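Whenever a hint applies, use it, and build me the whole structure from the sequences.
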Amino acid sequence: MTIINKKIEFKIAADGSSASGKTTGCKLIAKKLNMKFLSSGKLYRYCALKIIKYNKSYNLKLINDIAKTITLKKLDNKKLYDHDVTLLSSEIAKKSFVRKALNKFQKKFIKNSSLVIVEGRDIGSKIMPNADLKIFFTCSINKKARRRLKEFRILNKKVTLRQVEKALIQRDNDDINRKISPLIMPKNAVLVDTTKLSLKQMEAKLIDLVKTSIKKKYGNI
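For the sequence shown, the working numbering gives the first residue as 202, with consecutive numbering after it.
None of these hints come from the bench; they were simulated from the model. Some hints here could point you the wrong way.
DSSO-like cross-link-like pairs, simulated, lysine-lysine; straight-line CA separation at most 27 Å [what the hints assert, rightly or not]:
| id | residue 1 | residue 2 |
| --- | --- | --- |
| 1 | 401 | 228 |
| 2 | 237 | 412 |
| 3 | 279 | 269 |
| 4 | 327 | 228 |
| 5 | 305 | 251 |
| 6 | 279 | 233 |
| 7 | 380 | 301 |
| 8 | 275 | 296 |
| 9 | 269 | 327 |
| 10 | 208 | 327 |
| 11 | 279 | 309 |
| 12 | 233 | 417 |
| 13 | 305 | 262 |
| 14 | 344 | 406 |
| 15 | 312 | 388 |
| 16 | 274 | 262 |
| 17 | 279 | 257 |
| 18 | 228 | 208 |
| 19 | 327 | 380 |
Simulated restraints, written as ranges between beta carbons of each label pair [what the hints assert, rightly or not]:
| id | residue 1 | residue 2 | range |
| --- | --- | --- | --- |
| 20 | 416 | 367 | 39 to 45 Å |
| 21 | 421 | 367 | 46 to 52 Å |
| 22 | 265 | 232 | 28 to 34 Å |
Keep in mind the model is a prediction, meaning the values are calculated, not measured. Ideal Cβ positions, reconstructed from N, Cα and C, are used throughout, including at glycine.
In structure tokens form, the structure reads like this:
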């Protein structure tokens, strides 16, 4: 099955720790099964990019104004991954009024799509609590660090594997312990450990998981 029957409705919520393979996994599912995909982290990055561009202190009005201009096309921007954008997006993501403003875009995206997969914090617990399938990605620290080492070395060629490990451990601890939208595994989510999986193995595992869930909901289609 490469394309799901367009007449059915199936929605997937995904989350997981940093560098666990959640975005890559979701993209594999979306491409293979022709589903619309949204990484909610891009919404916060887009807001951060605009705040930096405007050179303003962010507040509720500015965030709401920015949120109204978001489109999927605008989220396809390499500048969203600039270092300063990454730092600011992490900061604003902890603000409840920012999350509330961006939740509207996510809910609209989900409502207007019959076949959709959305990845990010709160998706399975608040944004899409009744998702047909909830996936929670995890991976060992050492494996995650090895995956991210190349990315970190773009910013600092001298960075070591141990330094990357420490950074990821800190990131996960911050996400788990933050007051606003902490990293938690949603109720009824399926845990997918990508530590020992190659890309092909991960794709096979995820597609089988989705197909099984669709069959459970609709039977043979």
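Against the structure, the hints come out as follows:
1. 401 with 228: Holds - the C-alpha atoms of residue 228 and residue 401 are around 13 Å apart, at most 27 Å.
2. 237 with 412: Holds, because 16 Å separates the two Cα atoms, which is no more than 27 Å.
3. 279 with 269: OK: residue 279 and residue 269 at ~21 Å, within 27 Å.
4. 327 with 228: holds (22 Å)
5. 305 with 251: Roughly 18 Å between the alpha carbons, so the hint for residue 305 and residue 251 holds.
6. 279 with 233: holds (24 Å)
7. 380 with 301: holds (15 Å)
8. 275 with 296: Holds. Residue 275 to residue 296 sits at ~22 Å (cutoff 27 Å).
9. 269 with 327: Roughly 21 Å separates the two Cα atoms, so the pair holds.
10. 208 with 327: Given that 27 Å is the threshold and the Cα spacing comes to 26 Å, the pair holds.
11. 279 with 309: Roughly 24 Å between the alpha carbons, so the hint for residue 279 and residue 309 holds.
12. 233 with 417: holds (19 Å)
13. 305 with 262: holds (15 Å)
14. 344 with 406: Distance ~18 Å between residue 344 and residue 406 Cα, so the pair holds.
15. 312 with 388: holds (21 Å)
16. 274 with 262: holds (23 Å)
17. 279 with 257: holds (22 Å)
18. 228 with 208: holds (22 Å)
19. 327 with 380: With Cα atoms ~15 Å apart, residue 327 and residue 380 stay inside 27 Å; holds.
20. 416 with 367: 39 to 45 Å: With Cβ atoms ~43 Å apart, the hint holds.
21. 421 with 367: 46 to 52 Å: Holds, since residue 421 and residue 367 (Cβ atoms, about 49 Å apart) stay within the stated range.
22. 265 with 232: 28 to 34 Å: holds (33 Å)
When each numbered hint is compared with the structure, no violation occurs for any of them.
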